[in-house]
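Model the full assembly from the supplied sequences, consistent with the hints where possible.
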Amino acid sequence: MTDRLPHALRSDALDNRERILDAARAVFAVDGLDVPMREVARRAGVAPATLYRRFPTKEMLVTEAFAEQMYACRGVVDEGLADPDPWHGFCQVIEKMCELHARDRGFTAALMSTFPKAVDFEARREYALRAIDELARRAKEAGRLRPDFVLDDVILVLMANSGIHVTSPTAQVSASRRFAALAISAFQASPDVSPLPPVARLAPPASVSRRGQVG
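Take the sequence shown: its position 20, counted from the start at 1, is 20 in full-length UniProt numbering, and no numbers get skipped.
Be aware that one or more of the hints could be misleading.
What the hints assert, rightly or not - Pairs of lysine to aspartate or glutamate, EDC-like flavour, derived with a Cα cap of 16 Å:
| id | residue 1 | residue 2 |
| --- | --- | --- |
| 1 | Lys140 | Asp85 |
| 2 | Lys58 | Glu39 |
| 3 | Lys58 | Asp34 |
| 4 | Lys96 | Asp78 |
| 5 | Lys58 | Asp22 |
It should be emphasised that the hints constitute simulated quantities derived from the structure, not laboratory data.
See the structure below:
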């Protein structure tokens with residue numbers, strides 16, 4: 001019986017940790033990063049002391065909650081850099097980054113925040129931003145990206161993308177894809193007339209006329 005106890009305790013601690021992280025991701029996605037730690041504990045079904053024992057600071061909780069998304073972000077920019085066509089790679093990064101953030105709005109807030117003590121998280125973010133900047137430089141040299149583009153424009157797109165609020169995850173992603181296509185069109189040195197992704201209905205059908213104007 002005593003031999004099983006340490007294993008059971010470790011298992012319980014692991015379960016608590018995962019419940020806390022799942023609750024944090026869910027509440028951050030809806031209410032942002034300003035949610036009190038006690039509310040995260042309540043949503044996770046654990047005592048505040050248990051949460052603080054695992055994550056003594058909000059910074060530690062946020063960076064751990066979105067560690068997986070940061071890895072995914074790195075994968076997206078690495079894939080873009082590896083594309084022999086820098087413009088195509090740049091477009092893929094914008095599209096996939098917008099979709100990644102549409103699926104988890106809390107990640108957008110985390111990416112825009114500063115966590116001086118979270119060295120790994122900060123390093124991964126800096127790597128992603130430098131990689132996008134390098135990809136943009138290549139796309140400019142290829143004559144495909146407008147010369148006045150700056151890295152802050154990507155941040156602006158992600159911030160605007162996080163403001164899309166619709167009733168279902170599917171509609172959220174659909175709207176994000178269309179928004180990304182519009183942004184990419186604006187970034188082109190010589191905009192073409194490539195077709196946009198399908199429209200995501202954002203207004204009640206009764207309020208939109210057949211000509212697409214609010215009436």
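Taking the hints in turn, this is what the structure says about them:
no.: 1; hint: Lys140 to Asp85; verdict: holds (12 Å)
no.: 2; hint: Lys58 to Glu39; verdict: holds (12 Å)
no.: 3; hint: Lys58 to Asp34; verdict: holds (9 Å)
no.: 4; hint: Lys96 to Asp78; verdict: holds (12 Å)
no.: 5; hint: Lys58 to Asp22; verdict: holds (15 Å)
The structure is consistent with each of the numbered hints, conforming to all of them.
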